[in-house]
Amino acid sequence: MLIENMRMAFQAILANRMRSFLTMLGIIIGIGSVITIVSIGDSMRLIIDDVYDSYGVMQAYIEIDEDKVTDVRESDYYTIDELEQIRSVFADEIDYMDSDAKAKSTVTVGRTRKGITYTGVDYNYPDAVPVKLLSGRFLNEEDILGRRKNAVLDENAAKMLFGTEKAVGRKFRSTVNGYTDEYTVVGIYEKETNILIVFFDDIKDDECYAYIPWTILTGPGDRFLSCHMYAKEGIDVSDFVKRATAYIARMKKRDPEDFYVFSAVDEMAQVDGFMVAFSVAMGGIAAISLVVGGIGIMNIMMVSVTERTREIGIRKALGARTWDILLQFLTESAILSAFGGAIGVLLATGLLNLGGNLLEQEVVIRPIVVVMAVAFAAAIGAFFGMYPALKAAREDPIVALRYE
Amino acid sequence: MLGLNRINLTVRRGEFVAIMGHSGSGKSTLMNILGCLDRPTLGHYYLDGTDVAELSPNELSAIRNRKIGFVFQSFNLIARTTALKNVELPMTYARIPAAKRTKRAKELLECVGLGGRLTHMPNEMSGGQRQRVAIARALANEPPLILADEPTGNLDTAASIEIMEIFAELHEAGATVVVVTHEDNIAAYTDRIIRFSDGRVISDEKNPEPTKRSGKQHISDLYGSLYRREEAANAD
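Residue numbers (the working numbering), protein chains in the order written: chain A, 1 to 404; chain B, 405 to 640.
Worth double-checking, as some hints may not be accurate.
Here are the in silico distance ranges between beta carbons for each label pair [as the list claims (entries may be wrong)]:
#1 B/525 <-> A/355: 19 to 27 Å
#2 B/507 <-> A/6: 19 to 27 Å
#3 B/478 <-> A/21: 27 to 35 Å
#4 B/558 <-> A/366: 35 to 43 Å
#5 B/558 <-> A/25: 22 to 30 Å
#6 A/355 <-> B/498: 22 to 30 Å
Since the hints were made in silico from the structure, they are not lab data.
Even glycine gets a Cβ: it sits at the ideal position worked out from N, Cα and C.
The whole structure should be built from the sequences, with the hints applied where relevant.
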């Protein structure tokens, strides 16, 4: 009977191709937009996860909050010794520390002159954040302690400055903190990016990027405002950051409230929560269009029931029960909208992949979302088909048979 | 509102009856009641021993499905649906498995001479052919009562004769056939003619000399054996 109902439904849908298509359009657009939006949300979360992965999820920093504290004192600055003190107190929890120093400058090689962004790091930085080293080596302990003018250059910069990515051992001139020096390239790495990193970090194609010893960037006076840390794997970062802040506050004779505290995990959870809320809200708005599509289905099913009054009469005369007629029309509306849903899915997937290709970004389309969307479309069809189907099922066979 | 007024009518198993009357005579109402499409507001209708007045719409559907085969003036085939599927329909509602009903629908269509038109749509067939599909459909569930409402009303003379000969043959095979008509030459095929006017029976006579059918065999032995089987079952 179910197969028979489906056969009849397809026949009725195909008998009015144009009308069926226009009816489906509402569902196509509805399902298409729900999937597109949910998928954009999911893809955004993936991109954000990438961003945090590239900077390290265990990252945190604690610094005096210049918005809250009007009198920034000399003692609010950290010294290298203080950093070592904090490291020794929280030795079990801290994986890596530096002063979160970045410096913008220019770099000169022969007649080539480029902008460069330095990141000051410790020798064990790759333990905390993955660095994809292509050749040479990363900075070592002697580089840091001796404040050697060694640099790990990104591949793109090497090509721009030296015309080749095989630039280990080459030298360039650059001015950092007012001192012009000759730097030696000790390693080449590949910079990982995605659209969000490019956007937030203002990454430009013609800018050079390099890691140098953080001890070069602590001057003048070897003091700095940020205590930048990576917690060890498995540490509860939120809790650790709280205790570290309390410790630093005591050390600096400040209130813990006076510090600006950032932890990637907390922020990530916040951003993720925001993204989920965004997806749900947008998906909800898109779902409204699905309801509109459902009303379209209801409308056309009403027309179909009226048109086929006589057919219903014949079927009843031949022994169709109320349930048989109800099921026949419900099947028809469910198939109509499930089909619309399926087309919507195809359309959305196509568009998303196209957009993903254009932005060179991976697109996340979860199968569960697709399955749920099509099931939801069929449910919409069955729900909005219920009233017309009931109308059909309740037809009086005598009246229906006489219907012209 | 047209109605029937104090009718007392008995049609026995195996009878071939014509119901005649002008439009408005109440024969449509009688057809609806005989066909279990409607229930009498007052009084009783016993079909095959069951009092129909007591039944719910779904029970009426089941009765129509199993006990009555309808043949309408305007054929009432389902549009855009093959002859085969049309004949299968009553069996579908009787929940007969697909393979079995397809086989039987084919046999029935062959019986009425449409073995070569199985996949034709109603609009691809002549009136006479459509009515023969309708007869095949009416016979699908082997109902004891065949109810034909002006079966030749939309047909030319040749086709009309063809249809009436099929009914006559069904009658010979043992079916109860009730034909509503206003044409004397159609009623002439039957054994008993009941005339209606203003909701009353004005005459109920035996037809002394029913029109003899040509002898051409429209329906194979299959159909005759069907009723003999049923009679044998009843005799047990």
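Consistency of the hints with the structure:
| no. | hint | result |
| --- | --- | --- |
| 1 | B/525 <-> A/355: 19 to 27 Å | violated (46 Å) |
| 2 | B/507 <-> A/6: 19 to 27 Å | holds (22 Å) |
| 3 | B/478 <-> A/21: 27 to 35 Å | holds (32 Å) |
| 4 | B/558 <-> A/366: 35 to 43 Å | violated (59 Å) |
| 5 | B/558 <-> A/25: 22 to 30 Å | violated (40 Å) |
| 6 | A/355 <-> B/498: 22 to 30 Å | violated (54 Å) |
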